[in-house]
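J.: Protein chains in written order, with my numbering: chain L, 1 to 110; chain A, 1001 to 1114.
The hints are simulated quantities; they were obtained by calculation from the structure and are not laboratory data. It cannot be assumed that every hint is accurate.
[Claimed, not checked] Okay, derived cross-link-like pairs now, DSSO-like style, lysine-lysine, Cα gap no bigger than 30 Å in a straight line:
1. K1057/A - K102/L
2. K1057/A - K70/L
3. K102/L - K1071/A
4. K1057/A - K42/L
5. K1011/A - K97/L
6. K1014/A - K42/L
7. K1057/A - K2/L
8. K42/L - K1071/A
9. K97/L - K56/L
10. K102/L - K1011/A
11. K1011/A - K67/L
12. K1011/A - K42/L
Given the structure is predicted, the values throughout are model-derived calculations rather than measurements.
Residues per chain, in single letters:
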Amino acid sequence: QKEVEQDPGPLSVPEGAIVSLNCTYSNSAFQYFMWYRQYSRKGPELLMYTYSSGNKEDGRFTAQVDKSSKYISLFIRDSQPSDSATYLCATLNRDDKIIFGKGTRLHILP
Amino acid sequence: DTGVSQDPRHKITKRGQNVTFRCDPISEHNRLYWYRQTLGQGPEFLTYFQNEAQLEKSRLLSDRFSAERPKGSFSTLEIQRTEQGDSAMYLCASSRPANTGELFFGEGSRLTVL
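Can you build the whole structure from these sequences, using the hints too?
T.: Written out as structure tokens, the structure reads:
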């Protein structure tokens, strides 16, 4: 089993919709969870960062961690065409390495 | 610009040639990572440094790959005898001393092996 699993999409939603992006992880000991956004032909940039469980909100973005189900989510409210990108979930594993999911390609349709 | 910088941004080479990529991290960051990313995949860990010490190297990294970080500042990633399967984006990232997963990535160096 991979340490982080993510549906690659693509996911297309109309502008203004709420977007839900999800990942699962394998080890209940993982504590640090991240969401990165990557535009085409660019390096990833850190979007949201959470420690342990619960929610974290930043503007239109909410990151959620459910440790009981080993599930992490990113919600985007009032989605904009500029949100079109690949979203990568990541976690810090026991070997002190940051491991990424495959990424979900998101298209916001004007 | 105080972000992570990588050079060159794009390298086209013929199979069998050697290539070297350079990464300049954010100055106060002591950790430096190299990742490889192919189309449709997430970044794949290659190796990382804490200061000048290379702490881990992925089993995926063949002995044709070598990375250095002299004096704990910039880093180089060299690929010897390139193969077509080496074509990918090579990403460098740096982080603060406390490893919490907050990586700051450069724009990447895209390698095309013909």
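J.: Taking only the CA atoms, is the gap from K1057/A to K2/L under or equal to 30 Å?
T.: Given pair K1057/A, K2/L holds - Cα atoms ~19 Å apart, limit 30 Å.
J.: Are the Cα atoms of K102/L and K1071/A separated by 30 Å or less?
T.: Judged against 30 Å, a Cα distance of about 34 Å means the pair is violated.
J.: With a cut-off of 30 Å on the C-alpha distance, tell me whether K1011/A and K67/L pass.
T.: Not OK: K1011/A and K67/L at ~42 Å, beyond 30 Å, violated.
J.: Under the criterion that the straight-line Cα-Cα distance not exceed 30 Å, is the pair K102/L, K1011/A satisfied?
T.: 24 Å, holds
J.: Below or equal to 30 Å on CA atoms is what counts here, so check K1057/A against K102/L.
T.: 21 Å, holds
J.: Going straight from one Cα to the other, do K1014/A and K42/L come out at no more than 30 Å?
T.: 24 Å, holds
J.: For the pair we were handed, K42/L and K1071/A, check the Cα-Cα distance against 30 Å.
T.: 28 Å, holds
J.: Do the alpha carbons of K1011/A and K42/L lie within 30 Å of each other, as the hint requires?
T.: 15 Å, holds
J.: Need the status of pair K97/L, K56/L: alpha-carbon distance at most 30 Å?
T.: 23 Å, holds
J.: Could you grab the alpha-carbon distance between K1057/A and K70/L and see if it respects the 30 Å cut-off?
T.: The given pair, whose Cα atoms are some 27 Å apart, holds under the 30 Å limit.
J.: For the pair supplied as a hint, K1011/A and K97/L, confirm whether the alpha-carbon distance does not exceed 30 Å.
T.: The given pair, whose Cα atoms are some 27 Å apart, holds under the 30 Å limit.
J.: Does the structure keep K1057/A and K42/L at a Cα separation of 30 Å or less?
T.: 24 Å, holds
Consistency note: the structure conflicts with the earlier hints numbered 3 and 11.
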